[in-house]
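Asker: Sequence:
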Amino acid sequence: MHISVGGLNMATLAEPMPRVQRDRFFLILSLAMIAVILAGFSLNLALGRSSFGLPLIYHVHAFVFMGWILIYLAQNLLIATGNAAIHRRLGWIALAWVPAMVAMGLAITLYAVRDHGGPPFFALPEFLFGNPAGLLCFAGLALAGFSMRGRSDWHRRLMLCSMATITGPGFGRILPVPFMIPWSWLVAALLAPAIFPLIGMAVDWRRTGRVHPAWLWGLGAMIGTFAVGEAIAFSPIGESVARAVVAGTPGADRAFAAHFP
Numbered sequence: 001m002h003i004s005v006g007g008l009n010m011a012t013l014a015e016p017m018p019r020v021q022r023d024r025f026f027l028i029l030s031l032a033m034i035a036v037i038l039a040g041f042s043l044n045l046a047l048g049r050s051s052f053g054l055p056l057i058y059h060v061h062a063f064v065f066m067g068w069i070l071i072y073l074a075q076n077l078l079i080a081t082g083n084a085a086i087h088r089r090l091g092w093i094a095l096a097w098v099p100a101m102v103a104m105g106l107a108i109t110l111y112a113v114r115d116h117g118g119p120p121f122f123a124l125p126e127f128l129f130g131n132p133a134g135l136l137c138f139a140g141l142a143l144a145g146f147s148m149r150g151r152s153d154w155h156r157r158l159m160l161c162s163m164a165t166i167t168g169p170g171f172g173r174i175l176p177v178p179f180m181i182p183w184s185w186l187v188a189a190l191l192a193p194a195i196f197p198l199i200g201m202a203v204d205w206r207r208t209g210r211v212h213p214a215w216l217w218g219l220g221a222m223i224g225t226f227a228v229g230e231a232i233a234f235s236p237i238g239e240s241v242a243r244a245v246v247a248g249t250p251g252a253d254r255a256f257a258a259h260f261p
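Using our numbering, the letters of the sequence shown correspond one by one to residues 1 to 261.
I should point out that these hints are in silico values taken from the structure, not numbers from a laboratory.
None of these values were measured; they are calculated from a predicted model.
Be a bit skeptical, because a hint or two may be false.
Pairwise CB distance ranges, derived in the manner of DEER restraints [claimed, not checked]:
id, residue 1, residue 2, range
1, 99, 59, 40 to 48 Å
2, 237, 186, 17 to 25 Å
3, 208, 45, 36 to 44 Å
4, 234, 150, 36 to 44 Å
Where is the CB? At the ideal position from N, CA and C, for every residue including glycine.
Whenever a hint applies, use it, and build me the whole structure from the sequences.
Answerer: As structure tokens, then:
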């Protein structure tokens, strides 16, 4: 729908990019985010820090998260190739996939802190509470994006921000985070993933002189949930809960503070 207010076309303001350029832009950013995730886990395998001989929960977690990555890529490819009808149908599968992502993300976080205390270059409570905070941010943005599917300008930006929130594990494996202590979690979980919505904001600004509000909501959600996770993790209650979670498990043997492995 085109609405003229004071001589301005509101549809043009809502989506500043021509369709072909817009589709290419979101496809390129989706490929960049997926490349970060795949590169991070591939590097772990290449360096021997991970293997296919891990317990079953890791394989289920990988299946669920890689499934989401394939769905997200397929959705961008479908729009870029003009297959909007299939895109809409696949969207219902994506919606059903979100709870599985949250469930498996929480399960692997709990398993990791009990099994070995989580990555040593993150504080244990930070990892324990920060991961769920990030998962809730992912789910919230994905559900918000789905609810705005009738507004493609909002829908695509919110979905991109949602995807950006789960690039943290990829960045955490690529970047030299052990040398970034005590800022490792801040860099891997927030600053590096925020690059993608910031790129979107910069492109909007360059084309129209304004930033689409969806980027602000998405980035604001990322910052807000990160801050909440940090506040809980480093509170007396957060530390008490973390100690109770790992009590009697191998995870209780590691120092709670981040340390060089």
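Asker: Work down the list of hints and note, for each, if the structure agrees.
Answerer: Structure-based check of each hint:
1. 99 x 59: 40 to 48 Å: violated (19 Å)
2. 237 x 186: 17 to 25 Å: Cβ of residue 237 to Cβ of residue 186: about 21 Å, so the range 17 to 25 Å holds.
3. 208 x 45: 36 to 44 Å: Check passed, 43 Å falls within 36 to 44 Å.
4. 234 x 150: 36 to 44 Å: For residue 234 and residue 150 the Cβ distance comes to about 41 Å; the hint holds.
In this structure, only the earlier hint numbered 1 is contradicted, and the remaining ones agree with it.
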